[in-house]
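Top line first, the protein sequences correspond to chains A and B. In terms of this note's numbering, the first sequence opens at residue 1 and continues consecutively. In terms of this note's numbering, the second sequence opens at residue 1 and continues consecutively.
Accuracy of the hints is not assured; some may be wrong.
Stated by the list, open to error - Chain B is faced by these chain A residues, among others (derived, beta-carbon under 10 Å): (1) ASP2; (2) ILE3; (3) LEU9; (4) ILE44; (5) GLY45; (6) LEU55; (7) LEU60; (8) ALA61; (9) ALA66; (10) TRP78; (11) GLN120; (12) GLY122.
These aren't lab readings, by the way, just hints derived from the structure by calculation. Cβ atoms here follow ideal geometry from the backbone N, Cα and C, with glycine treated the same way.
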Amino acid sequence: MDIVIRAALVFVILGIVIRITGKRQIAQLSAFDLILIVTMGDLIGQTVLQEDYSLTAGLLAVLTFAALSMLVGIVMFWLPRSRPALRGQATIFLRDGTPDEEVMKYELIHRDDLDEAARQAGFRDIADIELAVMETDGTFSFFRRDDSSDDEGDSSERGVTKVK
Amino acid sequence: MLLVPATSFLGIYGPSERTLSTPFDDYELSMTYGSVVRSGQAVTMEIRLTHDGGFDGPVRLAFEQEVFDRLDFQNWYPNPSAEIGEGSHVVYEFDPPTGTTLGISLDARVAPTQWGSWDTHAVWVEIDGQQILRTDYTMWVMP
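Just chain A, with the same shape it has in the complex (with noise of 0.2 Å):
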């Protein structure tokens, strides 16, 4: 019972901080996330079993964390007021080829990595991008410009590209 509510307990915190820290840090590690995010498994590890080594505290603990983890999508499915709250929201960072600084600070999305996304997603220059989305995920969604697809005559490009 002990290793089922402080397994319950811990999920609902790592969601907090997940949610604190930022989609960025789901979809992009640097090595300080991936440093903590190591260390915090070690740490939950310790926190849930502590000291109980047998097969049925494991078993409590993954069965506790994926039955609040199928929990949390039945509510998001059936309560979709409540999908900001548990999963937070796509943000839109850059319109019409003009990033939006305050967003952009309030994501911690640096410049630079903006740059380095759209290099990614095929673009030369963002002002070519009509919107640039950030997922739930942390992942970028760029949407290309209809001008600049009807310049290189190629309907296929428009649409959405993603990049982590």
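Could you slot chain B onto chain A? The hints should help.
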């Protein structure tokens, strides 16, 4: 998937404890022990031996050797004044209490390397070389 974590609140996966009481003449042996335990966790074992007329000499408690495979003994409170190995069991000798009750606690943990098991063990009391009380207890070590 929800069933297993939910049923853990019923205490079926342990840890849980049980108290057994065995009276005989003026004596009563009461034992609280971990009935469902898990590897690595602390396990309860408290023994109270009561005799209406008090105790004149040392009290001996005997444990089956197999218990030592199940548990990692760390300390007794109070510490026994002597330990005697008798082959299939170990006898701990305690100084007599001033009152009518001898209370003993064992600080122990379930040995971490074992698989699940369901075993019945015995503890008995010897006074003046004679076994006067015996209690059988079943300990379920969860896998």
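Quick rundown of the hints versus the structure:
no., hint, in the structure
1, ASP2, "9 Å, holds"
2, ILE3, "7 Å, holds"
3, LEU9, "13 Å, violated"
4, ILE44, "16 Å, violated"
5, GLY45, "13 Å, violated"
6, LEU55, "5 Å, holds"
7, LEU60, "6 Å, holds"
8, ALA61, "9 Å, holds"
9, ALA66, "6 Å, holds"
10, TRP78, "16 Å, violated"
11, GLN120, "38 Å, violated"
12, GLY122, "42 Å, violated"
Hint violations for this structure: numbers 3, 4, 5, 10, 11, 12, all remaining hints satisfied.
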